[in-house]
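Q: Based on the provided sequences and hints, a complete structural model is requested.
Heads up: the sequence lines are chains A and B, in that order.
Read in full-length UniProt numbering, the first sequence has 2 at position 2, and its numbers run on one by one without any break.
Read in full-length UniProt numbering, the second sequence has 253 at position 253, and its numbers run on one by one without any break.
Think of the hints as simulated: they come from the structure by calculation, not from any bench.
Note that the coordinates shown come from a computational prediction; the quantities given were computed from them, not determined experimentally.
Hints should not be assumed to be uniformly reliable.
One copy or two, either will do: identical chains are not told apart, so a pair holds if it fits within one copy or between any two.
[Stated by the list, open to error] For lysine to any residue, the following SDA-like pairs were computed, each having C-alpha atoms within a straight-line distance of at most 25 Å: (1) K358 / Q53; (2) K89 / S326; (3) K96 / S379; (4) K358 / V43; (5) K406 / L55; (6) K417 / D380; (7) K417 / R395; (8) K417 / I430; (9) K174 / M1; (10) K406 / D369; (11) K89 / S379; (12) K417 / L55; (13) K2 / D414; (14) K2 / A359; (15) K49 / G23; (16) K2 / G42; (17) K406 / E371.
Protein chains: 2
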Amino acid sequence: MKEWLIENGIFVTMDEEHPVVRGYMHVVGDRIAYIGPEAPAGVSPDAEKVSGQGLVFMPGMINTHGHASMTLLRGYSDDQVLQVWLQEKMWPMEAKYEAQDVKTGAALAIVEMLKSGTTLFVDMYDRMEVVAEVVEQSGIRGTLMRGVIGLGPEEERRSKLQEAIRFVRDWHGKADGRITAMMAPHAPYTCPPAYIEQFVQAAHDLDVPLHTHMSETIAEVEQNVRDYGARPVEHLDRLGFFSRQALVAHAVHLTDEEIALLAERGVSVSHNPASNLKLASGVARVPDMLRAGVKVSLGTDGAASNNNLDLFDEMRLAALIHKGVSGDPTAVPAIEALRLATVYGARALWRDDLGVLKAGMKADFIALDMEQAHFYPHSDLVSHLVYAANGRDVRHVWIDGRQVVKGGVCTLLDEEKIRRDAQQSFERLING
Amino acid sequence: MKEWLIENGIFVTMDEEHPVVRGYMHVVGDRIAYIGPEAPAGVSPDAEKVSGQGLVFMPGMINTHGHASMTLLRGYSDDQVLQVWLQEKMWPMEAKYEAQDVKTGAALAIVEMLKSGTTLFVDMYDRMEVVAEVVEQSGIRGTLMRGVIGLGPEEERRSKLQEAIRFVRDWHGKADGRITAMMAPHAPYTCPPAYIEQFVQAAHDLDVPLHTHMSETIAEVEQNVRDYGARPVEHLDRLGFFSRQALVAHAVHLTDEEIALLAERGVSVSHNPASNLKLASGVARVPDMLRAGVKVSLGTDGAASNNNLDLFDEMRLAALIHKGVSGDPTAVPAIEALRLATVYGARALWRDDLGVLKAGMKADFIALDMEQAHFYPHSDLVSHLVYAANGRDVRHVWIDGRQVVKGGVCTLLDEEKIRRDAQQSFERLING
Numbered sequence: 001m002k003e004w005l006i007e008n009g010i011f012v013t014m015d016e017e018h019p020v021v022r023g024y025m026h027v028v029g030d031r032i033a034y035i036g037p038e039a040p041a042g043v044s045p046d047a048e049k050v051s052g053q054g055l056v057f058m059p060g061m062i063n064t065h066g067h068a069s070m071t072l073l074r075g076y077s078d079d080q081v082l083q084v085w086l087q088e089k090m091w092p093m094e095a096k097y098e099a100q101d102v103k104t105g106a107a108l109a110i111v112e113m114l115k116s117g118t119t120l121f122v123d124m125y126d127r128m129e130v131v132a133e134v135v136e137q138s139g140i141r142g143t144l145m146r147g148v149i150g151l152g153p154e155e156e157r158r159s160k161l162q163e164a165i166r167f168v169r170d171w172h173g174k175a176d177g178r179i180t181a182m183m184a185p186h187a188p189y190t191c192p193p194a195y196i197e198q199f200v201q202a203a204h205d206l207d208v209p210l211h212t213h214m215s216e217t218i219a220e221v222e223q224n225v226r227d228y229g230a231r232p233v234e235h236l237d238r239l240g241f242f243s244r245q246a247l248v249a250h251a252v253h254l255t256d257e258e259i260a261l262l263a264e265r266g267v268s269v270s271h272n273p274a275s276n277l278k279l280a281s282g283v284a285r286v287p288d289m290l291r292a293g294v295k296v297s298l299g300t301d302g303a304a305s306n307n308n309l310d311l312f313d314e315m316r317l318a319a320l321i322h323k324g325v326s327g328d329p330t331a332v333p334a335i336e337a338l339r340l341a342t343v344y345g346a347r348a349l350w351r352d353d354l355g356v357l358k359a360g361m362k363a364d365f366i367a368l369d370m371e372q373a374h375f376y377p378h379s380d381l382v383s384h385l386v387y388a389a390n391g392r393d394v395r396h397v398w399i400d401g402r403q404v405v406k407g408g409v410c411t412l413l414d415e416e417k418i419r420r421d422a423q424q425s426f427e428r429l430i431n432g
Numbered sequence: 001m002k003e004w005l006i007e008n009g010i011f012v013t014m015d016e017e018h019p020v021v022r023g024y025m026h027v028v029g030d031r032i033a034y035i036g037p038e039a040p041a042g043v044s045p046d047a048e049k050v051s052g053q054g055l056v057f058m059p060g061m062i063n064t065h066g067h068a069s070m071t072l073l074r075g076y077s078d079d080q081v082l083q084v085w086l087q088e089k090m091w092p093m094e095a096k097y098e099a100q101d102v103k104t105g106a107a108l109a110i111v112e113m114l115k116s117g118t119t120l121f122v123d124m125y126d127r128m129e130v131v132a133e134v135v136e137q138s139g140i141r142g143t144l145m146r147g148v149i150g151l152g153p154e155e156e157r158r159s160k161l162q163e164a165i166r167f168v169r170d171w172h173g174k175a176d177g178r179i180t181a182m183m184a185p186h187a188p189y190t191c192p193p194a195y196i197e198q199f200v201q202a203a204h205d206l207d208v209p210l211h212t213h214m215s216e217t218i219a220e221v222e223q224n225v226r227d228y229g230a231r232p233v234e235h236l237d238r239l240g241f242f243s244r245q246a247l248v249a250h251a252v253h254l255t256d257e258e259i260a261l262l263a264e265r266g267v268s269v270s271h272n273p274a275s276n277l278k279l280a281s282g283v284a285r286v287p288d289m290l291r292a293g294v295k296v297s298l299g300t301d302g303a304a305s306n307n308n309l310d311l312f313d314e315m316r317l318a319a320l321i322h323k324g325v326s327g328d329p330t331a332v333p334a335i336e337a338l339r340l341a342t343v344y345g346a347r348a349l350w351r352d353d354l355g356v357l358k359a360g361m362k363a364d365f366i367a368l369d370m371e372q373a374h375f376y377p378h379s380d381l382v383s384h385l386v387y388a389a390n391g392r393d394v395r396h397v398w399i400d401g402r403q404v405v406k407g408g409v410c411t412l413l414d415e416e417k418i419r420r421d422a423q424q425s426f427e428r429l430i431n432g
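A: So, in C-alpha cells, the structure goes:
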C-alpha cells in the first residue's frame with residue numbers, strides 16, 4: 001500500500017484534543033495512520049516524503065450543496081431574483097444541455113473545487129451518471145444524486161423517479177467508496193407531496209439519505225403555506241422526509257419552531273451564504289441553528305449563483321455576515337466557520353471518518369502555502385485560514401491517500417482541455 | 001521615456017464609451033497614450049512588449065481607507081466588539097510599536113496590496129514619514145496622513161497636530177507625485193470639537209483634503225448625540241469639516257437626512273464592508289448612498305479587522321451583502337461594484353486621472369490570469385472580476401507606467417525579508 005510521510009508540518013486538525021499539531025503525519029493506503037509531534041515508527045522505506053516547510057495542512061473541505069454542471073452558466077445571468085433567474089434564464093439554457101455539456105461542466109467544477117481544497121462535494125443534477133464518471137476519474141469524493149423536478153406529466157415523473165433509483169443502484173459505493181448516492185426531489189415547490197413521498201419510500205428501500213432545497217425564499221415559504229397549509233419544515237416532516245437521514249439546502253427562512261424541529265429530527269442543513277446573498281434570498285439564521293444543535297454545514301450552490309466554488313469564500317462569508325447582521329461580533333467565530341467547512345460537513349453527511357486529521361480517519365487533506373504576505377505574521381492560524389486564506393493558496397490535495405493536486409495542478413485531469421471544452425459548450429449553448 | 005505596448009489584450013476599461021476593448025494599449029512614461037482595437041502608430045522600437053494572451057487588464061484598484069501597519073496585528077484578536085477590540089487589544093499593542101514596526105507593517109501591507117492589484121491606498125496612522133519612505137521605495141501610490149487621537153493633554157494635542165502638519169509639508173506631492181497627503185483627526189469621538197476645527201483650519205491653510213472615521217457604530221453615534229447634541233454628520237458639518245474636500249470612513253449608521261447632506265456637500269465615503277461585518281458594526285446603506293449621489297468608494301480598513309487587504313474581497317462583499325440584506329438582487333450590480341473599486345475610488349479622492357483605462361490617464365493598471373477554471377467559460381468578464389476573481393489572480397501590476405509586480409512578484413521590494421521582519425516585529429510586540 002502507498003505510504004506518505006509529511007515531515008515538519010503544521011496541522012490544523014479539527015481534533016478538539018489536539019487542535020494544532022507540529023510534526024508528522026503518516027498515511028497508509030487511504031487512511032491516516034499517525035499524526036503527532038514525534039517521528040512515527042514503522043514507516044516503509046518506500047513511503048513518499050513531503051516536506052511541510054512553509055505549508056499548513058488541514059482536512060479537505062466538504063461542499064454540501066451544489067450543481068457542478070452549472071459552471072457552464074457562470075456569469076451568464078447575474079443580479080436577478082431567484083424565480084426569474086431560474087425560470088427565464090437557467091432552465092431554458094439547461095434544457096439545451098446534452099450529456100457532453102453535463103460532463104464538461106462537472107469536470108470544470110471539479111477542477112475548480114479540487115484546486116481550492118474541496119475533497120468531497122454534494123451534487124444534485126440530471127444525467128448524474130455522466131458526473132459520476134468524472135468523479136471516478138478525477139479522484140474527488142462525491143455524494144451524487146439525480147435531482148428531480150416533478151412538475152411534468154405523470155409518465156415523465158415516473159421515469160425520472162426510476163432514473164434517480166437507477167443511479168443509486170448503479171453508483172452508490174462505487175469508485176472505491178468515493179461515490180455515494182442520495183435521493184433528491186428538487187424542492188417542495190417543484191414536487192407534489194405524493195411524489196415526495198415516493199422519494200422517501202425509495203430512499204427507505206435503497207437505504208440512502210434524502211436531499212432537497214428548502215425555504216430558500218420567502219415567496220416559496222408563502223406558496224407552501226397557500227398550497228399545503230403548512231410551512232416547508234412541517235410539510236416535509238408530514239411527508240416523512242425527516243424520518244430518514246435528510247439534508248436540506250438553504251433553510252434561510254425558518255421560525256423558532258422550525259429550527260427546533262430540524263434539531264429534534266437531526267436534519268442536516270447546507271448553508272449557502274454567497275448564493276443566498278447574490279439571489280437576495282436573505283441571510284439564514286445560522287447562529288440560532290447552531291445554538292439549537294442543528295447540523296449546519298457549508299455549500300457553494302451552483303456557480304451560476306455564486307459565482308465560484310471556493311469554500312474558503314463561503315467560510316469567510318459565514319464568519320462575517322452573521323456578525324454584521326446580528327450585531328454580535330462573537331457570532332460564528334473563526335473556529336466555528338472552519339468546522340462548518342470540515343468536520344461539520346462530515347457530520348452533515350453522516351460521515352465519522354472525514355473532516356478531522358486523526359489516526360484512523362480517511363486521508364483527505366490539503367496543504368496551503370503560508371509563505372505569503374497575507375498569512376503574516378504567523379499568529380493565529382485558524383484566523384488566517386478563515387479570514388485571510390483563499391482557494392488559490394492551496395498547493396496540494398490528497399483524497400483517500402492519493403495526491404490529486406500537486407503544486408496547484410490537478411494530477412488526474414487535463415485542465416487545459418477541460419477549460420477549452422467548457423468554452424465550446426458555452427458557446428454552443430448560447431448560440432444554439 | 002519608457003514605453004510599453006500591450007498586444008492582443010482584453011481590457012475592462014471602466015470607460016463608459018468603450019467598456020471592453022480587445023486590442024492594444026500603448027503607455028508612454030507615466031501615461032496611457034493609446035488604447036484601442038488597432039495597433040497604435042508611433043510606438044518606439046525600444047518599447048517593451050507584453051503579450052496580453054490569457055490575461056485580462058483593468059485599472060489598478062483604489063483602497064480608500066486603511067491602516068497599513070496594523071498588518072502586524074492580523075489575527076491577534078478576532079471576534080470582539082469594536083470598542084473592546086480597540087481599547088483593550090489594539091491600542092495597548094500599538095503603544096509598543098517602534099518606528100521599525102510601523103515600517104515593517106507598512107511594507108507587509110504594501111506587498112499584499114500590490115500583489116492583489118491595489119495601486120493607490122489611503123493610509124491613516126502615526127509615524128507616517130516611515131510609511132511614506134516605504135511607499136516611495138515600493139512604487140505604489142499613497143494618500144497618507146498622520147491620524148491623530150486627541151484624547152490626551154493639551155500639549156500632546158498641540159504636538160500631534162504639528163506632526164500632522166509637518167507630514168503634509170514634507171511629503172505632499174513627493175515621489176513623483178505618487179504621494180499626496182491629507183489632514184486626519186481620528187474621529188469625532190476621539191477628538192474634541194475645537195481640535196477638529198484646528199485640523200479644518202490646517203487643511204485650509206495647507207490646501208489638502210480631510211479624512212476621518214465617522215458613524216462606524218451605533219454606540220458612537222449615540223455618544224455623539226449625548227456629548228454634542230447632534231449626530232456625527234451634522235456635528236462635523238457645524239465644525240466646517242465638509243467645507244473642504246472630505247473623505248469619511250465607514251458611514252454605517254446614517255439617517256436619510258445625513259445621506260442627503262453628504263451628497264449635497266460632495267463628501268466622499270469609504271465603505272469597508274469586511275471590517276464593518278467582522279466588528280459587527282452593521283451594514284452601511286450603500287444602495288441608498290449611491291442613489292442619493294454620495295461619492296462612495298471601497299476600503300479594507302486595517303488588516304486586524306478584516307483580516308486581509310484584498311480589494312477583490314471587498315468588491316465581492318459589496319456586490320453580495322447589499323443584495324442579501326435589502327432583498328433586492330439588483331442592488332450594487334457587478335459593474336457598480338467594479339466602479340467602487342476603481343473609478344469611484346478615484347472620484348472619492350478627487351482624482352480625474354486614475355481609475356479608467358483611457359488615453360491621457362495615468363498608467364496604473366493590472367493584469368489577471370484568466371486561464372483558470374474559475375474564470376471559465378469566458379462569458380461576462382465584469383461578472384467574473386467581481387464574483388469569481390481574487391487578488392491571487394493578479395499577475396502583473398503597473399503604476400505610473402512602471403511595472404511593480406511581474407509574474408506575481410514585487411519588483412522593487414524584498415518580499416521574503418519583509419515577511420521575516422514582520423514575524424520578528426510581531427513576536428517582539430507580543431512578548432514585549
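Q: Each hint needs a verdict: does it hold in this structure or not?
A: Results of checking the hints against the structure:
Taking the shortest alpha-carbon separations for K358 and Q53, only the intra-copy value of 20 Å comes in at or below 25 Å, while the best inter-copy value is 45 Å. Taking CA atoms no more than 25 Å apart as the test, K89 paired with S326 passes between copies only; the shortest distance there is 23 Å, against 33 Å inside one copy. Within a single copy, K96 and S379 get their C-alpha atoms only as close as 51 Å, which misses the 25 Å cut-off; across copies the closest is 17 Å, which meets it. Taking the shortest alpha-carbon separations for K358 and V43, only the intra-copy value of 17 Å comes in at or below 25 Å, while the best inter-copy value is 62 Å.
In this assembly of identical chains, K406 and L55 lie within 25 Å of each other by CA distance both inside one copy and across copies; the values are 13 Å within and 24 Å between. Proximity of K417 and D380 under a CA criterion of 25 Å is satisfied inter-copy only: 21 Å between copies versus 39 Å inside one chain copy. In this assembly of identical chains, the alpha carbons of K417 and R395 lie at most 25 Å apart whether taken from the same copy (21 Å) or from different copies (22 Å). Proximity of K417 and I430 under a CA criterion of 25 Å is satisfied intra-copy only: 20 Å inside one chain copy versus 50 Å between copies.
Within a single copy, K174 and M1 get their C-alpha atoms as close as 20 Å, which meets the 25 Å cut-off; across copies the closest is 64 Å, which misses it. With identical chains, the CA atoms of K406 and D369 are at most 25 Å apart both within one copy (12 Å) and between copies (19 Å). For the homomeric pair K89 and S379, the shortest alpha-carbon distance between copies (15 Å) is at most 25 Å, but the shortest distance inside one copy (46 Å) is not. Taking CA atoms no more than 25 Å apart as the test, K417 paired with L55 passes between copies only; the shortest distance there is 18 Å, against 29 Å inside one copy.
For a Cα distance limit of 25 Å, the shortest separation of K2 from D414 inside one copy, 24 Å, qualifies, whereas the shortest one across copies, 40 Å, does not. Taking CA atoms no more than 25 Å apart as the test, K2 paired with A359 passes inside one copy only; the shortest distance there is 16 Å, against 59 Å between copies. With identical chains, the CA atoms of K49 and G23 are at most 25 Å apart within one copy only, with a shortest distance of 13 Å there and 47 Å across copies. For the homomeric pair K2 and G42, the shortest alpha-carbon distance inside one copy (14 Å) is at most 25 Å, but the shortest distance between copies (62 Å) is not.
Taking the closest pair of Cα atoms, K406 and E371 come within 25 Å of each other both inside a single copy (17 Å) and across two copies (18 Å).
The structure agrees with every numbered hint stated previously.
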